[in-house]
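Here is what each chain is made of, one letter per residue.
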Amino acid sequence: MAAADTLPARLATISALVPTRTAVVDGERRVSYGALWAQVQGFAAHLRQLGVMPGDRVALVLPNRIEAITATYAAWLLGAVAVPLNVQARARDLAPWLAHCGARVVVHEHGHPDVAPLLPGLATVEHAVVLEPGRDLPGDGAGALLPATASPDEPAQILYTSGTTGAPKGVTLTHGNLAANTAAVVEYLRLRPDDSVLAVLPFYYAYGNSVLHTHLAAGACLHLARNAVFPLQLVEALASGRITGFSGVPSTFALLLQHVDFTAQDLPHLRYVTQAGGAMSRAMAGRLRFALPRAQLFVMYGQTEATSRLTWLPPERLDDKPGSVGVPVAGVSLRICDPQGAPLPAGVEGEVEVRGPNVMRGYWRDLEGTARVLRDGWLRTGDIGHLDPEGFLYLAGRRSDMIKTGAHRVHPGDVEEALAEMPGVIEAAVVGIDDEVLGQVIKAFVVARPPPPGGEAEVRAHCRALLAPYKVPRHVEFVDALPRTASGKVRRVRLKEAEVLS
Amino acid sequence: MEQRRQIKQFVLQNFLFSEDEAALGDEESLIDGGIVDSTGIHELVLYLEEQFNLAIAPEEMVPANFESITTVDRFVQRKKAIA
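Taken in sequence, the protein lines are chains A and B.
So that you can map any letter, position 81 of the first sequence is 80 in numbering that gives the first Met the number 0, and since no number is skipped, the others follow by simple counting.
So that you can map any letter, position 81 of the second sequence is 80 in numbering that gives the first Met the number 0, and since no number is skipped, the others follow by simple counting.
Do not rely on the hints blindly, as some may be mistaken.
[Said to hold, decoys possible] Cβ-to-Cβ under 10 Å is the rule here; a few derived chain A residues that face chain B: (1) V30; (2) L231; (3) I335.
[Unchecked claim] So the derived list for chain A, only partly shown, Cβ under 10 Å to chain B, looks like this: (4) S31; (5) P62; (6) Q87; (7) A88; (8) P112; (9) R225; (10) G247; (11) V259; (12) D260; (13) T262; (14) R270; (15) T369; (16) A480; (17) G487.
I should point out that these hints are in silico values taken from the structure, not numbers from a laboratory.
Where a beta carbon is used, it is the ideal one built from N, C-alpha and C, also for glycine.
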């Protein structure tokens with residue numbers, strides 16, 4: 000696709016060119032590109048009747064279903080801003096988000112426990128559109144069709160990030176941001192009209208949002224899955240839908256690898272698997288490639304503040320660049336900086352900064368927060384890493400995750416990588432816990448099946464063989480699973496809290 | 000303790016961080032509400048296997064068995080009956 004096309008313009012074009020092609024399969028329901036576009040037009044007309052004007056915010060509290068897509072594109076036809084919110088969030092998050100974005104219309108499912116009771120207390124909300132299960136959005140087919148005239152500079156979406164503390168952070172993305180990042184991903188994944196993806200990641204997260212729009216922009220087919228909880232069901236969906244692509248976060252793949260015997264599964268159509276949303280250990284990447292030898296694995300890195308994707312590792316470089324998250328996607332510049340913002344040479348570790356057409360305009364109604372992360376057009380990602388001489392990025396962790404033990408600084412990822420290489424270890428997370436002498440000492444939380452017979456001592460011996468002594472965990476605890484955020488990232492804060500309480 | 004209550008207590012304590020039985024209905028969807036996610040299902044399966052001395056196959060990790068406290072309870076009952 001041409002990066003100059005906005006997403007609504009792109010969908011208008013595809014719907015006109017191939018109206019009968021299937022766009023979305025949602026359980027028993029399927030919708031063609033032509034029908035999808037007609038629904039978009041119908042709901043846009045309905046929203047206009049409700050008084051929605053350009054720049055207004057239309058909040059969506061929906062799981063992945065056809066109407067989440069329809070409502071987004073309908074808002075865009077009116078020049079409004081779509082605000083997809085986490086459908087699993089409770090009132091204590093939803094209320095601040097809805098108030099902060101000043102939503103005028105809220106679209107939600109009947110039976111959501113928290114949305115309807117909240118709305119009377121929100122001054123800006125004038126209308127709620129309530130969806131019954133399996134039913135279409137209200138539409139008005141009588142009026143003239145609306146053209147897709149959104150300008151690249153206009154805000155298109157606000158995505159609230161899954162931050163665990165503090166005031167709401169609404170990443171504001173323009174049509175230009177979305178179009179540029181979508182075009183870049185379509186290009187490196189080589190998405191085609193005959194591709195079909197099993198979409199398990201929620202559309203209200205940047206990664207799921209990207210999966211949605213890249214496949215629509217390619218004229219491909221999306222098969223929606225409501226959750227990624229039942230591993231065999233996922234694999235059956237991959238097989239029966241002749242799915243060519245699958246995108247997951249490390250916990251998705253951990254679940255699949257633990258519970259599915261891939262030697263008994265035939266997935267001849269699966270062409271690409273993408274991984275992002277937190278670092279996957281090299282060991283797990285290896286197991287995944289072994290389990291799916293015919294699919295190409297795309298390891299990627301990104302941030303909501305950069306629409307979604309920042310870097311990708313070409314699959315043919317997995318073996319000679321193990322552990323790297325690859326090179327910048329088209330249009331993105333990337334540099335490593337010291338704490339004062341001065342660029343650092345290859346091989347030296349510092350903060351990752353990026354610039355490009357996918358970098359957000361800022362946080363919604365938060366000039367101060369925006370100024371903290373955007374400096375002269377460069378986005379400070381808060382991630383620590385280095386570039387190799389060929390420009391491949393290696394991430395070491397989040398700035399705030401760094402463990403300071405004695406005189407040393409330890410990136411949790413280094414230790415977690417070593418732990419993951421131990422036989423029986425499924426995943427591991429390490430945190431720094433307070434220590435009178437060393438400031439912090441390293442504690443590892445390890446998911447192992449079966450647990451090593453030698454217990455904690457065996458884990459420490461394994462680490463000692465691979466790591467500098469100061470990186471060897473002082474404490475090891477075996478756990479059934481790691482606490483994760485709704486988007487699948489390990490909640491180190493939770494691990495630390497558990498430590499303090501115990 | 001009654002089996003259903005035991006299962007419910009585990010879900011409450013581990014996924015809802017609550018002791019309050021009223022926080023979760025026996026028929027309430029564990030999946031749609033996100034109470035049990037892709038990490039949670041793994042924890043729940045491990046717990047059931049250990050607590051009730053069962054072996055749960057991937058084929059049994061399906062919505063019909065894990066939709067709610069009631070379906071999990073019935074599933075465990077069936078498994079125990081044939082164990």
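Now the hints, each set against the structure:
| no. | hint | result |
| --- | --- | --- |
| 1 | V30 | violated, 22 Å |
| 2 | L231 | holds, 5 Å |
| 3 | I335 | violated, 32 Å |
| 4 | S31 | violated, 27 Å |
| 5 | P62 | holds, 7 Å |
| 6 | Q87 | holds, 3 Å |
| 7 | A88 | holds, 9 Å |
| 8 | P112 | holds, 8 Å |
| 9 | R225 | holds, 7 Å |
| 10 | G247 | holds, 9 Å |
| 11 | V259 | holds, 6 Å |
| 12 | D260 | holds, 8 Å |
| 13 | T262 | violated, 13 Å |
| 14 | R270 | violated, 23 Å |
| 15 | T369 | violated, 30 Å |
| 16 | A480 | holds, 5 Å |
| 17 | G487 | holds, 8 Å |
Hints 1, 3, 4, 13, 14, 15 from the earlier list are contradicted by this structure; the remaining hints agree with it.
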